[in-house]
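Protein chains: 2
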Amino acid sequence: MADFAIEFTDVERAAAKIHDHIIRTPVLSPPEINELAGAELFFKCENFQHVGAFKARGACNAVFSLSDEAAQAGVVTHSSGNHAAALARAARLREIDAHIVMPENSAAVKLAAVRRLGVEPVFSESNSASREAVANRVQQETGATFIHPFDNADVMAGQGTAALELLADAPDLDALIVPVGGGGLLSGSLIVAQHLAPQIPVYAAEPAWADDSYRSLQSGKIEIPERYDTIADGLRTPLGQLTFPVVRNLLKQVLLVSEDQIRRATRTLIQQGRMIVEPSGAVSLAAVLANPELFVSKRVGLIISGGNIDSETLRRITSVS
Amino acid sequence: MADFAIEFTDVERAAAKIHDHIIRTPVLSPPEINELAGAELFFKCENFQHVGAFKARGACNAVFSLSDEAAQAGVVTHSSGNHAAALARAARLREIDAHIVMPENSAAVKLAAVRRLGVEPVFSESNSASREAVANRVQQETGATFIHPFDNADVMAGQGTAALELLADAPDLDALIVPVGGGGLLSGSLIVAQHLAPQIPVYAAEPAWADDSYRSLQSGKIEIPERYDTIADGLRTPLGQLTFPVVRNLLKQVLLVSEDQIRRATRTLIQQGRMIVEPSGAVSLAAVLANPELFVSKRVGLIISGGNIDSETLRRITSVS
Chain A
1 MADFAIEFTD VERAAAKIHD HIIRTPVLSP PEINELAGAE LFFKCENFQH VGAFKARGAC
61 NAVFSLSDEA AQAGVVTHSS GNHAAALARA ARLREIDAHI VMPENSAAVK LAAVRRLGVE
121 PVFSESNSAS REAVANRVQQ ETGATFIHPF DNADVMAGQG TAALELLADA PDLDALIVPV
181 GGGGLLSGSL IVAQHLAPQI PVYAAEPAWA DDSYRSLQSG KIEIPERYDT IADGLRTPLG
241 QLTFPVVRNL LKQVLLVSED QIRRATRTLI QQGRMIVEPS GAVSLAAVLA NPELFVSKRV
301 GLIISGGNID SETLRRITSV S
Chain B
1 MADFAIEFTD VERAAAKIHD HIIRTPVLSP PEINELAGAE LFFKCENFQH VGAFKARGAC
61 NAVFSLSDEA AQAGVVTHSS GNHAAALARA ARLREIDAHI VMPENSAAVK LAAVRRLGVE
121 PVFSESNSAS REAVANRVQQ ETGATFIHPF DNADVMAGQG TAALELLADA PDLDALIVPV
181 GGGGLLSGSL IVAQHLAPQI PVYAAEPAWA DDSYRSLQSG KIEIPERYDT IADGLRTPLG
241 QLTFPVVRNL LKQVLLVSED QIRRATRTLI QQGRMIVEPS GAVSLAAVLA NPELFVSKRV
301 GLIISGGNID SETLRRITSV S
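Chains as they are written, first to last, in my numbering: chain A, 1 to 321; chain B, 1 to 321.
Honestly, the hints are just simulated from the structure, not real lab data. Take these hints with a grain of salt, some might be off.
[Claimed, not checked] Not close to chain B: a few residues of chain A, all C-beta gaps over 12 Å, as computed:
1. 129
2. 236
3. 258
[To be verified] Taking lysine-lysine and the BS3-like style, the derived pairs with C-alpha atoms no more than 30 Å apart in a straight line are:
4. B:252 - B:298
5. A:221 - A:252
6. B:17 - A:298
7. B:252 - B:221
8. A:252 - A:298
9. B:298 - A:17
[Stated by the list, open to error] Where chain A lies over chain B, by a calculated footprint (3+ residues, C-beta under 8 Å):
10. 25-33
11. 42-50
12. 271-281
13. 302-314
Beta carbons are placed, not taken as given, at the ideal position from N, Cα and C, and that holds for glycine.
All chains should be built: construct the whole structure from the sequences, respecting the hints.
Here's what the structure looks like:
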């Protein structure tokens, strides 16, 4: 067996550690969407999580896993999105400083989420070299611990708790589908499924416009995205050194979905599921609808990763019917 | 004690009878809305119920309470909204006919909901005389049982199951707020609260533009609405002969809310709560936000009655920020 950054007991420990700080989000099975899919779908609704995304889990586990001494110096991260708000919130819960490096062109709703938590973002340019340089500088100046958005064992274990709850609340699933960006949520979910339900195939859902995970599994090494314009803005990231081995060994298959399929799945969750999801959160449903041969008549678990959507995007997506 | 159409055991029996046909909807407590309200709010999310509204409960209880002989002749109702879809669905579950009289000017989303359930609406003019006349004619022609949208003991008992679940899932509430239209949901909730938590004040939330319940409690007799243009289109109905005595004896107070307060509460539930609600479903939150002196620092249960909102209304409400 491969040597992974985390094992199942790490996820169990994370669940205990973050229990008081996260919401046990509901698992919903909207009848109209089941009818549309011809399957019984169980959505783990992390759009109802603190900061509107599963990222609250990993960030809390990472922050509450720090020694008191390390915690005193604060935490730092770079993130274009939900991890930023999640880390700011976790730091506030532990009453320590959070330094959040965000690209200048971040979505207004995501900047506002960080500011609402009392943190003024440190801006970088919108490329990974710039944001890593800025994060490094902050780290050296403050001694803060860098908490990577996904390539961090505590973060991976924390994200895995979403799958832990889903498998408990929706028993006897035939398959599990998880969105893949950097692979934090996916690797945590794979570790959980391998332990609790090894017979279940776990699929990753990925935008065709950010098909780096798909290509990474083909080439056997971490590939990077070739474009950064998918509407699923949380999934524009390559896999990490820690997440890739887990994905490579335990994943059944990456299912690619088009921009149009993502938009339609987002609209379906809003109009028929009556919940606000971000496009990155709807890729799992898009994968079900695009692959009926895999999922029809099955009981399928899907993780909705988040619900932070700009009102302009929301308006555009719901204005087609 | 007053002689009411239902008692607590009727609600318990309804819960058992409809158990396999309804969704145990989640109780959500969105952190951002709690912060805004300065209170701990527990939303019973009937927007995630079958047909997108609590009406699925009462309609199922009424249909499954019919004798086999009565059921054979089908059911008939007049409804501008969610009760229509709910009764169509319940009839389909029992494999009997449903005749649904709807006003010609019904919202497209509500007509579509009935048609999707295989029922072609019977149209009436948009006034109560016409829709009662049409319903009477259908009843005489078919022998179908008339199932009133709210003034029916089985319907009232069925609607009460929402409060039954809420009180079980959110213990130790300090107050309960329920939207009031015809009073089916409200009277069912009052009967439940009186039995399980008699110390809790139960408030009704009502649009100021449809303040008939407010005036009915003042005058001591059933008053009718003076205008029919509140955005909370599910609440444009007067109380009924069966619901009024329950409301009159057990309700703490009617809290009136303005159109602007309803629109803002709807927007808050969509943007901060990340769920789609119809304006009628948001009046409870509007009442909390309008009456901080009653609710600040309290644990408050609120029933979100439904989530069927036209995309045009959704767009209009979310386009202000």
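Cross-check of the supplied hints:
No Cβ of chain B approaches the Cβ of residue 129 of chain A within 12 Å, the least distance being about 34 Å, so the stated non-interface status holds. At roughly 22 Å from the closest C-beta of chain B, the C-beta of residue 236 of chain A stays outside 12 Å, upholding its exclusion from the interface. Remark: the non-interface label on residue 258 of chain A is consistent with the geometry, its nearest Cβ contact in chain B lying 23 Å away (cut-off 12 Å). Distance hint between residue 252 of chain B and residue 298 of chain B is fulfilled; the C-alpha atoms sit about 16 Å from each other, no more than 30 Å.
Only pairs whose Cα atoms come within 30 Å are accepted, and residue 221 of chain A paired with residue 252 of chain A is accepted, the gap being roughly 17 Å. Taken as a hint, the residue 17 of chain B and residue 298 of chain A pair is honoured in the structure, with Cα atoms around 28 Å apart against an allowance of 30 Å. For a cut-off of 30 Å, the pair hint linking residue 252 of chain B to residue 221 of chain B stands: about 17 Å separates their Cα positions. With a C-alpha separation of about 16 Å, the suggested pair residue 252 of chain A and residue 298 of chain A falls inside the 30 Å cut-off, and the hint holds.
A C-alpha spacing of about 28 Å is found between residue 298 of chain B and residue 17 of chain A, which places the hinted pair at or below 30 Å, so the restraint holds. Proximity of the stretch 25-33 of chain B to chain A, defined as three or more residues with a beta carbon under 8 Å from a beta carbon of that chain, is established by the 5 residues found. Under the rule that three or more residues need a Cβ within less than 8 Å of chain A, the assignment of the stretch 42-50 of chain B holds, with 3 such residues. Only residues whose beta carbon comes within less than 8 Å of a beta carbon in chain A count, and the stretch 271-281 of chain B has 5; three or more means the coverage holds.
Proximity of the stretch 302-314 of chain B to chain A, defined as three or more residues with a beta carbon under 8 Å from a beta carbon of that chain, is established by the 3 residues found.
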